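So the sequence lines, in the order shown, correspond to chains A and B.
Mapped onto this note's numbering, the consecutive letters of the first sequence carry residue numbers 1 to 222.
Mapped onto this note's numbering, the consecutive letters of the second sequence carry residue numbers 1 to 180.
I should point out that these hints are in silico values taken from the structure, not numbers from a laboratory.
Watch out, some of these pointers could steer you wrong.
Residues on chain A that point at chain B, a partial pick, calculated with CB under 10 Å [to be verified]:
hint	residue
1	ALA85
2	ILE88
3	GLN119
4	LEU185
Among the chain A residues that face chain B by a calculated CB cut under 10 Å, a handful are [to be verified]:
hint	residue
5	LEU2
6	ARG51
7	TYR80
8	GLU103
9	LEU105
10	ASN106
11	PHE154
12	LEU163
Label-pair distances were calculated between CB atoms; the ranges are [claimed, not checked]:
hint	chain 1	residue 1	chain 2	residue 2	range
13	B	SER82	A	LEU67	15 to 25 Å
14	A	THR71	B	LYS46	22 to 32 Å
15	B	PHE129	A	MET113	20 to 30 Å
16	A	GLY91	B	PHE129	21 to 31 Å
17	A	MET113	B	LYS132	55 to 65 Å
18	B	PHE129	A	GLN13	42 to 52 Å
19	A	PHE14	B	LYS45	39 to 49 Å
20	B	LYS132	A	MET1	16 to 26 Å
21	A	ASP129	B	LEU80	14 to 24 Å
22	B	PHE5	A	PRO152	19 to 29 Å
A quick note: this is a predicted structure, and the numbers were derived from the prediction, not measured.
C-beta atoms are modelled at their ideal positions from N, C-alpha and C, and glycine is treated no differently.
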Amino acid sequence: MLDKVANLLLNPQFVNFANNTKYTVTTESFFKATGRPAAIMMDKKVDLDTRKYAATKEGLYQTLCVLIYLTMIPLVFQKYGFKFAQKILKGDKDFPAFKDANEFLNYARLSKMDKEHRQNHKLLSKISDSLKANDDDKLTLKEHLLNDDKPPVFPLPKGVIELSNLVGTVIGLAWIASELSNHILHPLMYALGFKSKPAVQQKDNAKTVEKMGNSEKLDMKV
Amino acid sequence: MTTPFQKNFKKLCMYLGKNNKALYGALTIALSKGILRPTFTMMDKKQDKDSRIYTAFREGLTGGVAFVSYLATDAVVEKLASKLAKKTNHLNELPKMKSTLSLITVSLTALFIIPAICNAATKPLLDVFTGKNKKQLPKAGSAYVTPQGAKNVNFGNYKNINVYHFNNFYNNSGMKIGGV
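Make a model of the complete structure from these sequences and hints.
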């Protein structure tokens with residue numbers, strides 16, 4: 001039984017899936033976007049309108065979060081955060097002259113692989129041939145990747161990426177997604193039929209008042 | 001390195017690069033979402049106040065519960081994966097096992113555990129914070145008026161006699177009202 005569980009957990013396709021950040025974030029967000037609104041709708045301690053509002057808001061927010069995470073964070077925060085750091089730390093011995101954030105991320109990914117696996121990997125072509133850790137180093141970083149069992153690691157650019165991700169998470173997920181969801185939420189609720197439009201509500205109210213007026217007139221007649 | 005900003009920036013990035021714990025990310029996300037999401041919800045003036053308060057409170061609570069659940073899940077995965085790897089002789093593949101097990105547990109936590117805890121705790125906690133659960137108990141031995149306007153009093157052994165009938169026909173001055 002335990003062997004079956006272990007085999008399932010070590011299934012190569014499953015391992016690849018679990019090690020891909022995009023897939024894991026999308027999976028978790030999908031569960032959040034479905035599980036949380038469903039749970040809110042099951043919370044019978046609050047009225048239906050409140051539940052509909054909270055559930056729609058949660059589903060919308062999680063959807064926006066995954067879209068922002070997959071697009072805005074790598075394309076904006078990582079890219080420009082890395083460029084900003086290149087300007088601030090220009091010439092620093094701990095910060096090699098990577099072309100951009102992608103080149104560093106590709107290098108970091110390759111450096112974690114086994115030597116055999118790394119030597120024929122397609123990402124190797126994305127590392128520039130002349131890139132060196134510093135001027136004193138005789139070998140280029142590509143040569144290190146091809147020859148060394150443990151190629152050099154660079155905590156400073158890695159920290160820049162981490163900081164960019166953290167800033168991106170706060171600005172993108174906590175701020176922009178919240179602001180956007182406030183703007184989209186009510187039109188979405190109207191479209192889903194969770195809420196009637198103010199004009200419709202006024203008409204409904206007018207009809208109710210009219211009906212009440214008629215019944216009062218009938219009462220008076222009686 | 002010339003300015004203090006450059007020095008501090010390098011120091012911070014070096015620290016994050018060397019001590020890359022997922023905990024920092026989780027803590028930052030929980031804290032920022034826990035503060036900003038409820039704030040933005042309360043700013044949504046198109047919705048009635050009670051709905052906003054419930055939603056904002058639930059969002060804040062979800063952030064807190066998610067953070068604690070994340071820590072708990074991380075610890076459980078660490079132990080469970082190690083035990084499983086030992087028993088099945090897959091110690092070399094422990095990191096792979098951890099990553100797949102982590103994905104399963106985090107997904108299950110997000111789908112079932114966090115929503116269930118929030119469902120159980122949101123309304124009771126919200127009532128405590130807003131003071132809605134304070135029961136207005138009548139003072140011992142005093143007469144009180146029921147919603148229908150009937151007055152219940154104690155007359156020795158005859159408890160809770162409904163004096164509605166008497167009140168209808170006699171006012172406080174003892175004068176008879178009505179024709180009966």
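- Taking each numbered hint in turn, which are not upheld by the structure, reported in ascending numerical order? Hints 3, 7, 8, 9, 10, 13, 15, 16, 20, 21 contradicted; others consistent.
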